[in-house]
Each structure stands twice: as structure tokens, then as C-alpha cells.
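If you want the building blocks of each chain, they are given just below.
4 protein chains.
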Amino acid sequence: MSENITVAGLVATTPRHLITQDGLPITSFRLACSHRRFDREQNKWVDGETNWFTVTAFRQLAINASTSIAKGERIIATGKLRVRDWDNGERAGTSVEIEAEHLGHDIFWGTSSFTRTVLVAEEEVGVESDQTSLASFAPEMASSAK
Amino acid sequence: MSENITVAGLVATTPRHLITQDGLPITSFRLACSHRRFDREQNKWVDGETNWFTVTAFRQLAINASTSIAKGERIIATGKLRVRDWDNGERAGTSVEIEAEHLGHDIFWGTSSFTRTVLVAEEEVGVESDQTSLASFAPEMASSAK
Amino acid sequence: MSENITVAGLVATTPRHLITQDGLPITSFRLACSHRRFDREQNKWVDGETNWFTVTAFRQLAINASTSIAKGERIIATGKLRVRDWDNGERAGTSVEIEAEHLGHDIFWGTSSFTRTVLVAEEEVGVESDQTSLASFAPEMASSAK
Amino acid sequence: MSENITVAGLVATTPRHLITQDGLPITSFRLACSHRRFDREQNKWVDGETNWFTVTAFRQLAINASTSIAKGERIIATGKLRVRDWDNGERAGTSVEIEAEHLGHDIFWGTSSFTRTVLVAEEEVGVESDQTSLASFAPEMASSAK
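Protein chains in written order, with my numbering: chain P, 1 to 146; chain Y, 1 to 146; chain C, 1 to 146; chain E, 1 to 146.
Bear in mind the hints are in silico, worked out from the structure with no lab data behind them.
Among the clues, some could well be false.
Here are the simulated SDA-like cross-link-like pairs (lysine to any residue), alpha carbons at most 20 Å apart as the crow flies [what the hints assert, rightly or not]: (1) 80(C) x 71(Y); (2) 80(C) x 52(Y); (3) 80(Y) x 1(E); (4) 44(Y) x 59(P); (5) 71(C) x 52(C); (6) 80(C) x 48(Y); (7) 71(P) x 11(P); (8) 80(C) x 37(Y); (9) 71(C) x 118(E); (10) 80(E) x 34(P); (11) 80(Y) x 95(C); (12) 80(P) x 118(E); (13) 80(E) x 37(P); (14) 80(Y) x 52(Y); (15) 71(E) x 115(C); (16) 71(Y) x 18(Y); (17) 80(Y) x 48(C); (18) 80(Y) x 35(C); (19) 80(Y) x 83(C); (20) 80(E) x 10(E); (21) 71(E) x 111(C); (22) 80(C) x 1(P); (23) 80(Y) x 5(P); (24) 80(E) x 96(P).
Extracted from the complex, chain P is given alone in its bound form:
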């Protein structure tokens, strides 16, 4: 099985959009997911700890994301989790990445208006996964996304 995950959080970096030499559109940004919890001593909701993810979209989703999503906005993302060790010669670490299958502004926090761009004829491209991590396609983006 693939590790599917759904997260809701705050877009913490300006989304980066690029097209690979092979013509593949990619959009990527960092997402901060804080877990609110009720603090009995303070008698109010406080931020708990935060999970950080690199969210990556490919193809049509990448194109739509690049014109829709901005730093500071609240979104939801669902897709496949990828935990990868990386080493760029100077530094090494672990990247925690979500390859997004669907993205949307989080209507819990505001209102959203929608403009359809994918026509029915185009729907046939389907929603298959790339089975690839950001590092495979755009290592320079993976590195800068830390």
C-alpha cells in the first residue's frame, strides 16, 4: 500500500513553479500543520506542536496550484507521503514530502471561488500517481525547499 495522508495547514513559503526539461510542470511549497489543543490551565485553545511537510504537485495540478495558492493561505492537501533521506554533499537530512493528488483552499478559514479549467476532454488524463519524488525530478527545488 501507499501511505495516503490528508493534512490541513498554512502555506509557509511562496510556491515555486518550474517546468522540467522533459516538459513536466512542478509546483512545490512548505506547509505547516499545527495541532490546536485546549489548555485547561489557560482555559483556551493554543497551538500544539507543528508537523512540517513539503507539498509537491505535478502536471495540471501544478499549473493550477501555481496560480491559485499563495504564501499565508490555509489549504488542505491529500496525497502520498514520501519520507526520503537526502544528501547534497554539503548537508544531509530527511525530507517529508506529500505528492499531492488534490489540493484546495480550506473553507474552514474563509471563502473560496472556483473557476473550472479542466474540460471534460482533458479529464481523460486521469489522476495516476507519478511514483516519483520531487528529488528525482527537480533536485534543486528539493534542496531549496528545506
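We have chain P; now place chains Y, C and E onto it with these hints.
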């Protein structure tokens, strides 16, 4: 554990919005989730079978959903699954409901623009679940949502 | 996307095991998933409402399940949710089914001992989904599983 | 929301069991989740990339896991994902941890027999999350679990 679920689909009914006598805002609509699959004989993507859900939102999410989401749009929803038998005297059946925790337009299918309505001070209300089904609050809506 | 779901619950019926004319092993049972919640008035944990599912396994998972899982045991199941309307001429209804990808006894409630049956050579069959519902393969079981 | 996740994988380390000074039982191990994919050139299923997780259980689940789960076994785990940066003075890194709510041997790969240990009276302890990471309770285990 609660049965959490994330779905992506087509809003199939005009969302209904009401406020209970206790002042609780509720928004509810039907969502059709079709599973595209590649048909080798036709050599193209086709619609597979469809899962139908009643999606219900409460409070601020209900208010934002009522002004954001329209019939015919593509959305993603994440929340708690509730499978409930119902019987209104005339008919009986099984309702499959998602109590939404987050909703968003699906950027896979188009572009979305976002306007924040929840201010930081209001964030303190948190995102706790109601632990209640639509039928408890608005049985007339549950019935008509079939 | 497929609607993936993970549930934990009580096996409520004796699992039924059969092999179709095409040689496909199928195991199926009903699962009751109750949501415990803390009742402040009673000052203790109580059962909340219950989600009922028909859990279905195919092939090797069906064979292993038929010799491992018994009525009354606590298990966890993960797989694809299928909501299907059915009509057998006499009655009609909605079936809420999980096509299991993985099953296990729930170690939250007891201890479990494991005997591996799938050898490495057999691992190559993979874990692809059938993209089919119980009703397609074994309508008589689907009907009796209500 | 919390980031819930369900994974299936191979137990890659001997589970470590300890009891904190406060009397809290903890069990922890590393889990390797490989994604099988069909390689068209080789015409067979091959291992794709692997996600690694530290799985941690608390209380009764920790006690049952310590006597049930061994290195080399196939299991499923469901719980809350926690992505945490750590720094023990000598080294630093990112830990990707699942705080397990339920664990079970994966019947996809073998058979399992179950012995119930939690009696009905004990069920009242419920399944609430600790809202805490392994590092908070047992930093020495978190460090060695890398």
C-alpha cells in the same frame, strides 16, 4: 477511533443551509465520487463505479460553505464517516454521511481564489467535532438529502 | 482517488468463506465500529454510536482471514470503501463495504501470534485492488451479509 | 486536525520496551514500508522506494505489543503522524514517528491467533491520544531509534 475519510468528488445537489432553533448553522449536500480507471479495451480513462455521500458542515464551516460551494463544482472533503440507519415512518434506509472538518474546491480541476474570514481571535474556537449526525440536528434535512 | 479507510472494530458475524466458480477465494464478515466517548455526567467512557461495515477480502488475504479471524474478536481493517445500492427483488438497501487490503487482530485489546504463510516467491502477486465489489463476485454472500 | 496515517510494513528492529519513572509503558520500533510496483520491462513486481517510520505505543497497547511483535514480522499500524526535528548535541535530524492507536499482525502475509487481555471493565480507559511524542517521554529511546 473515529473513521476518518477524505474524498474528492462532484457536488451533485444545491447545498442547503439552515440554522437550527439553537442557533447552529448547518450546510449539507450530496457528493458523487467516481473512480476513474483505465479501460484497456477502449484504451482510455472511463468512469468506474460511484460512491455517494451526504456531506454535512457545522458552524463557521457551514457558513463559509454556503457562500462558496455550488452544485456542479469539484471539491475535496475530509471528516468523520457516519453510517446510520434511518426510518421516517414511510421509508427506511442507510445514510452514509461525512461530517466535514475541512472542505475545499479541488484545484486539480480548476483555479481557486481565497478570502480569509476567520480572524486570529476567532481561531480559538478550535476544530472540535460535534460527535453528532445530521439526523440529530436537522432530521428534515437528513430526510430530503437522500 | 479511491476512498481509503481504516477502521477498528468487533467482528460481529462468523466469517463466511467461499471460492467462486472462477477459483477466487472470498471471505466476508460484518464489523461493528463503536466510538467510545467520555461522558462527563457519568464520569466514565461509554459507547457512542456504531458504524457497521461489510468487510470483504479476496485471494490470499481471504484464505488467511478465514483461518485467523473469528466472531467476537477485535480487528483492524484498511482498504477501499464502496457504497453501493442493492436490490434483490424482494428488498433494497445500501451496502457499505470495505474491500480489505490489510487485516489484523487489534493488539490494543489482546496479544497476537503470527505465522508467515506467504513466501518471498509468492510476494510477487502484489496487492493490487480488484476494483470490484462483493456483489459482483458473490451476490448470494452480499445478500446474506446484510 | 491531526495527521492520521495507516501503514503496512516490516518490523525492522527488535521492539524496545520500557517503563518511565512515572509508570508509563512505552514500546517502540522501526518500520520499513516498501511500495511494490509492477515493472513492465522486467514483467514482474519489484520493490519501490521505502518509507521508514518510528512506531511508538503507550500504555496497554505498549504492553501487548512488547509480547506480540517481533523483528521481521509484517504488521499494520494506524495512528498519528509526528514529524519532529531533534538535536542531541552531537547530531541533529528529523524523526518521522507514528504514535500508534492500533497495531496488528498483517494477515495479508500470514495467519494470526488472538488472545484477549483487556477485560470489559478495563475497556473504560478508552483510546485517547497522549498528544506527546516519544522524545518527550523517553528521549534516550528516541535517540537510539534512529
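Hints, verified against the model:
{"no.": "1", "hint": "80(C) x 71(Y)", "result": "26 Å, violated"}
{"no.": "2", "hint": "80(C) x 52(Y)", "result": "14 Å, holds"}
{"no.": "3", "hint": "80(Y) x 1(E)", "result": "11 Å, holds"}
{"no.": "4", "hint": "44(Y) x 59(P)", "result": "18 Å, holds"}
{"no.": "5", "hint": "71(C) x 52(C)", "result": "14 Å, holds"}
{"no.": "6", "hint": "80(C) x 48(Y)", "result": "14 Å, holds"}
{"no.": "7", "hint": "71(P) x 11(P)", "result": "5 Å, holds"}
{"no.": "8", "hint": "80(C) x 37(Y)", "result": "14 Å, holds"}
{"no.": "9", "hint": "71(C) x 118(E)", "result": "17 Å, holds"}
{"no.": "10", "hint": "80(E) x 34(P)", "result": "13 Å, holds"}
{"no.": "11", "hint": "80(Y) x 95(C)", "result": "18 Å, holds"}
{"no.": "12", "hint": "80(P) x 118(E)", "result": "35 Å, violated"}
{"no.": "13", "hint": "80(E) x 37(P)", "result": "15 Å, holds"}
{"no.": "14", "hint": "80(Y) x 52(Y)", "result": "15 Å, holds"}
{"no.": "15", "hint": "71(E) x 115(C)", "result": "13 Å, holds"}
{"no.": "16", "hint": "71(Y) x 18(Y)", "result": "17 Å, holds"}
{"no.": "17", "hint": "80(Y) x 48(C)", "result": "14 Å, holds"}
{"no.": "18", "hint": "80(Y) x 35(C)", "result": "11 Å, holds"}
{"no.": "19", "hint": "80(Y) x 83(C)", "result": "15 Å, holds"}
{"no.": "20", "hint": "80(E) x 10(E)", "result": "19 Å, holds"}
{"no.": "21", "hint": "71(E) x 111(C)", "result": "16 Å, holds"}
{"no.": "22", "hint": "80(C) x 1(P)", "result": "11 Å, holds"}
{"no.": "23", "hint": "80(Y) x 5(P)", "result": "15 Å, holds"}
{"no.": "24", "hint": "80(E) x 96(P)", "result": "15 Å, holds"}
Going through the hint list in order, the structure does not satisfy hints 1, 12.
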